[in-house]
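Protein chains in written order, with my numbering: chain A, 1 to 517; chain B, 1001 to 1514.
Treat the hints with care, since some could be wrong.
[Stated by the list, open to error] Capping the alpha-carbon separation at 27 Å, the derived lysine-lysine pairs in DSSO-like fashion look like this:
no.: 1; chain 1: B; residue 1: Lys1394; chain 2: A; residue 2: Lys133
no.: 2; chain 1: B; residue 1: Lys1385; chain 2: A; residue 2: Lys139
no.: 3; chain 1: B; residue 1: Lys1394; chain 2: A; residue 2: Lys139
no.: 4; chain 1: A; residue 1: Lys139; chain 2: B; residue 2: Lys1397
no.: 5; chain 1: A; residue 1: Lys239; chain 2: B; residue 2: Lys1397
no.: 6; chain 1: B; residue 1: Lys1060; chain 2: A; residue 2: Lys132
no.: 7; chain 1: A; residue 1: Lys133; chain 2: B; residue 2: Lys1397
no.: 8; chain 1: B; residue 1: Lys1385; chain 2: A; residue 2: Lys186
Hints were generated in silico from the structure; no laboratory data involved.
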Amino acid sequence: MAAPVLRWGCPGTCRAIAWVYGVPRRRRGAWTGSTSSWIRGQSSLAQEPLHTSRKPRKGEHKWAAVVGLEIHAQISSNSKLFSGSQVCFAAPPNSLVSFFDASLPGTLPVLNRRCVEAAVMTGLALNCHINKKSLFDRKHYFYADLPAGYQITQQRLPIAVNGSLTYGICVGKRRSQVTTRTVRVKQIQLEQDSGKSLHDDLRSQTLVDLNRAEGQLRVDANVSVHHPGEPLGVRTEVKNLNSIRFLAKAIDYEIQRQIKELENGGEILNETRSFDYKLGCTVPMRDKEGKQDYRFMPEPNLPPLLLYDTTSLPAGADSQQVINVDQIRERLPELPSVTRERLIQQYGMLPEHSFTLLNEVGLLEFFQNVIKETRAEPKKVTSWVLNTFLGYLKLQNLAVRESPVTASALAELLDLLDSKAISSSAAKQVFEELWKNEGKTPAQIVSEKKLELMQDQEALEQLCRSVMQGHPEVVMDVKKGNPRAINRLIGLVRKATLGRADPAVIKAILEKQLSCH
Amino acid sequence: MLGWTLREVSAALKQGQITPIELCQKCLSLIKKTKFLNAYITVTEEVALKQAEESEKRYKNGQSLGDLDGIPVAVKDNFSTSGIETTCASNMLKGYVPPYNATVVQKLLDQGALLMGKTNLDEFAMGSGSTDGVFGPVKNPWSYSKQFREKRKQKPRGEKEDSNWLITGGSSGGSAAAVSAFTCFAALGSDTGGSTRNPAAHCGLVGVKPSYGLVSRHGLIPLVNSMDVPGILTRYVDDAAIVLGILAGHDPKDSTTVQDPVKPFVLPNLTDVSKLCIGIPKEYLVPELSSEVRSLWSKAADLFESEGAKVIDVSLPHTSYSIVCYHVLCTSEVASNMARFDGLEYGHRCDIDVSTEAMYAATRREGFNDVVRGRILSGNFFLLKENYENYFIKAQKVRRLIANDFVNVFNSGVDVLLTPTTLSEAVPYLEFIKEDNRTRSAQDDIFTQAVNMAGLPAVSIPVALSKHGLPIGLQFIGRAFCDQQLLTIAKWFEKQVQFPVIQLQELLNDCSSI
């Protein structure tokens, strides 16, 4: 996936940056799994008309920024792209290194079928054209964590091209409205991951881990600025951004830096930069000064990667030897945009709620399980899942699968609420008890804590009478015509019922008794 | 017995005429006697004797693994051998001990073959003389043959006896010398532009370059991945066929090997060649071709014709572009393949530690010889963004034209092509080194490397001795994956020409004087 981002800024002021297109926020969880091969997406450069949130002052030149992202995402597979070694997150350094991974002389790459299927599926999900024939190339550079001296990638003819991704961003004053945007995806390519270097500056040593499965999303951002209507500016590449927050910060900084540089009569060098997390700024990368020539050439040890569809499948082909794109298409799960639309249609959900449900791993499934088991209204369920349930998760920094409250338990709780067996506030209490995870059902908790609504009319009438007798001054207030005084009485009765009575019922009883007085 | 065919020795082992240990010891003793040939970089005496012991047990129990059980073989030192140093005759890999066996090595061992040692070569197989390795040049056993020495007696006296020894050709010269001097029955070479066929021709052996993709390259330290194939050097065509039958087939570790199952190679005894069509490529008749080779080539064609085969002149019009095209493609892949030798993980590392870059530079300066460094520099030049279109892409296009030349000829009904293997007989070392490696390679690969560009099978067969008493070979080129047909024809030809056995008795009886 990739997202070209257009921003604009005004010279001299840092605050004047407005998001025009947002980076789709995809939580890391979406790409978890263990492997070392990367799908690399490259966005095309966006050149869409500028929307500005503020009119530039007179005499100001408008600046437009163009951002292209190169996103390295890990494929969830059991073994590496070109070797049979396992992949495992957080394995001890160099413990999962095959002879090929170590680039021992004479070893050859063997393409992992699972990685190809994952790449095709990603391509289909991103509306790409799947190339029935794709090629592998070698990209050369010397680096300690690149033991072969080259990286196998797909530069000339990648596995998928020309895709798009529609995503939503929050707009409006309170960022409560969602609007959709589309980014173009230039290509998806299968690429071998390099190793990992750990620099020990103190001892001036570099330690290299060739496991090549670090389980993270990595983004390189290409940024340039220009005046609208004029040719694109010289771009810089900010490498190795591994969180969405830092990605946004790095891009913001880089745009401002470039504008300032140009405004001051300087020029932008085509260079690679890194983002200094502590200082919040980008700095040129020391070891990559000047333009690199990667001396690409075809990888001679891997034949062209051929894919088939049902019509082109050779007769009698061994299904273990060939990959059928149509079969993968059938296995494609419902895509997020379709799911979101369905949620909005089916449950009358607000668009922003549909985004939240999908952005948290496992939350949608949880929601659907609750819906299946409860009589409560979908809107009620949405509110409980997104506010109460998600709130508790965030507070303790837990994933959905780690939640102590199951979907069934929440469904049962919502049923009790729906049948007016308990009040909303009692429901919150029950939820809190459930979260303690003591193995009790909502009904047990309600009964133990005596949280059920008092339905006994006589008992309620008795309570109301004794409250009125105990607080004659409040009763006097009511009689003097203070309209708010009755609320005090209601409060006192509710307190006496430990919050288990419906306030409307109490009010009716009180009004009746007051009128008889 | 050391001159017997594989099947003969195999039968002798089965019948108990000789035991694997005895056979192994005979070969080991010959290796010691011929040490001065410099055929071996590493002699794996202990490994071989242990394997011989195990083989002997199998024979005693009547559980022989096949024709190769107990047969001494040698392996070029650019095939990875588990636990055995693999140097590529380079400082860069001195002391490097691979943790795994190349697939072809494993297949030989699985058949019970005895590994006698790792043979000498040009550094990283870059050369055509086996003269440019860090362990020194390989001497051609024919330099010490009765046949050659008798002819040399007429030469002016006073010339120092050993000063004019001959090169083996290369780059698999160590493997060729090892087989030629009877220290083993078969040896693995590698063939990227002729590196198996060229020394086979100079050493009077059969040298097979299989179809690209028929035999796994896994574990072969690459020169040019798209052209490298493991080669086979033997004294007889049948021997080569047995070894090829064992080596051929799909390897899951090499994606460029054929998927189709390969049947064992059994060569029929061809009696009738009248249905064959032999093509003689006219472009191979170059002015540099020695008159002796030319005449033998022509006699071979006449032989086929007289036996009823159709012999026709054919054209491979792009032949003349082959050498320069090969140069671009070869050096480009070399530049890439050599990038992994950076001193970090394995092999040589210099003492300089001011920076990683300085360490790389000095390591590679010290580790590679001039030939390797020269090819790396050329290759990187061709791969530069600004040159890629003009050199690499163009060379690839020319390669396609060269491959198509062969396709067209074979589509016109030709079964095999008959060509010289080399321009002339083996030359003396002192003569050979007057030209640089690049010039020599370009000259010596002229008849052999187009075959690698096209991925075709080819075999060099020893035909006759020159007037100096030195072997001359001719080459047959076959259709892709028609290796068996090619060898069948070669076997018929071998029978007709009755190439003489090298006579080394004098040397072996009196080797202490050399």
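Hint check results:
no. : hint                 : verdict
1   : B:Lys1394 / A:Lys133 : holds (22 Å)
2   : B:Lys1385 / A:Lys139 : holds (12 Å)
3   : B:Lys1394 / A:Lys139 : holds (20 Å)
4   : A:Lys139 / B:Lys1397 : holds (21 Å)
5   : A:Lys239 / B:Lys1397 : violated (37 Å)
6   : B:Lys1060 / A:Lys132 : violated (56 Å)
7   : A:Lys133 / B:Lys1397 : holds (19 Å)
8   : B:Lys1385 / A:Lys186 : holds (22 Å)
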